[in-house]
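Since chain U is already given, all that's left is putting chain Y on it; use the hints.
Protein chains in written order, with this note's numbering: chain U, 1 to 119; chain Y, 1 to 112.
Just so you know, not all the hints are guaranteed correct.
[Said to hold, decoys possible] Simulated crosslink set (DSS-like; lysine-lysine; CA at most 30 Å straight-line):
1) Y:K99 with U:K41
2) Y:K68 with U:K14
3) Y:K99 with U:K55
4) Y:K68 with U:K20
5) U:K55 with U:K66
6) U:K14 with Y:K42
7) Y:K99 with Y:K1
8) Y:K68 with U:K66
9) Y:K68 with Y:K1
10) U:K64 with Y:K42
11) U:K14 with U:K55
12) Y:K68 with U:K64
13) U:K55 with Y:K68
14) Y:K99 with Y:K68
[Claimed, not checked] With beta-carbon atoms standing in for the labels, derived distance ranges:
15) U:D27 with Y:T58: 23 to 33 Å
16) U:K41 with Y:Y76: 15 to 25 Å
17) Y:P14 with U:K41: 36 to 46 Å
[What the hints assert, rightly or not] Listed next, the stretches of chain Y that the computed footprint assigns to chain U, with coverage defined by at least 3 CB atoms under 8 Å from CB atoms of chain U:
18) 32–43
19) 103–109
Derived from the structure by calculation, the hints contain no laboratory data. Glycine included, every Cβ here is placed at the ideal spot set by N, Cα and C.
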Amino acid sequence: GAVVSQHPSRVICKSGTSVKIECRSLDFQATTMFWYRQFPKQSLMLMATSNEGSKATYEQGVEKDKFLINHASLTLSTLTVTSAHPEDSSFYICSASAGGGTGFSDTQYFGPGTRLTVL
Amino acid sequence: KQEVTQIPAALSVPEGENLVLNCSFTDSAIYNLQWFRQDPGKGLTSLLLIQSSQREQTSGRLNASLDKSSGRSTLYIAASQPGDSATYLCAVLSGGYNKLIFGAGTRLAVHP
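Chain U on its own, in the form it takes in the complex:
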């Protein structure tokens, strides 16, 4: 089946630094990738949707200058948390879809997540 990896799985950083998280589709070309955020005991919240080669579409309330998303190739998307603060500590999960983002049952394959802790 389709496999999505994330790196790193855990990261601890100091407040004010930037952290980059990678999301890779290992055995398929992902035209669309999604980034989610999950707080403890809460649901996954979609942060942004990115299509290869174009700018990401951010959900309402998500700061695009703080959470930089790059989808430079069909197998790699990166999320950079800039000037991280303790409130950015969370579980970040990406997913990838081979579809064209038409909204018609294109299966999303989820990565294992990245635990970010900002001290």
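Relative to the frame of chain U, chain Y by itself:
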């Protein structure tokens, strides 16, 4: 605005019990509904996907039903086992660009 609610938030049962997890959504205009499993600190594993035109899907001991008109889905787990302990998430595919809307999940604990 689509909202997904899952009840109960937590459930603890003895091994062997049959159980039902509930999911409701406010906007019936969905493309499909999925049930996922999430182990602590891990990503999501897709369990069952029901297209909007379908009524139910089965996989092993799992059966998911969908009543789109009433905005409800149930996940039935037969003969529960300790290995079933996890958080179960319901999500609907709604709107454009494959936007999945998740419920907060049901935390299931099956004890021996």
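ask   = Do the Cβ positions of Y:P14 and U:K41 conform to the proposed distance bound of 36 to 46 Å?
value = Check failed, 23 Å falls outside 36 to 46 Å.
Between the alpha carbons of U:K55 and Y:K68, is the straight-line distance 30 Å or under?
34 Å, violated
- Item | Agreement of Y:K68 and U:K14 with the hint, judged by alpha carbon distance not exceeding 30 Å | 47 Å, violated
Requested in this report: Can you take a look at whether the segment 103–109 of chain Y is actually covered by chain U? Rule is 3+ residues, C-beta closer than 8 Å.
Outcome: holds (count 4)
Exercise. Taken at face value, is the distance from the CA of Y:K1 to the CA of Y:K99 at most 30 Å?
Worked result: Holds, at roughly 12 Å.
Q. Does the structure keep Y:K68 and U:K20 at a Cα separation of 30 Å or less?
A. Violated, at roughly 40 Å.
Worksheet item: Is the straight-line distance between the alpha-carbon of Y:K99 and that of Y:K68 30 Å or less?
Response: Cα-Cα ~18 Å, so holds.
### Task
Verify the proposed pairing of Y:K68 with U:K66, using a straight-line Cα cut of 30 Å.
Violated - the C-alpha atoms of U:K66 and Y:K68 are around 38 Å apart, more than 30 Å.
Original post:
Between U:K55 and U:K66, does the CA-CA distance stay at or below 30 Å?
Top reply: 15 Å, holds
Would you check the hint for Y:K68 and Y:K1, treating anything up to 30 Å between C-alpha atoms as holding? Holds, because 16 Å separates the two Cα atoms, which is no more than 30 Å.
Notebook entry, point to check: Between U:K14 and Y:K42, does the CA-CA distance stay at or below 30 Å?
Noted result: 24 Å, holds
**Asked** Counting residues of the segment 32–43 of chain Y whose CB is closer than 8 Å to a CB in chain U, do you get three or more?
**Response** It holds: at least three residues are needed, and the segment 32–43 of chain Y offers 5 whose Cβ sits within less than 8 Å of chain U.
This entry does not satisfy hints 2, 4, 8, 12, 13 and 17, going by the numbered hints stated previously.
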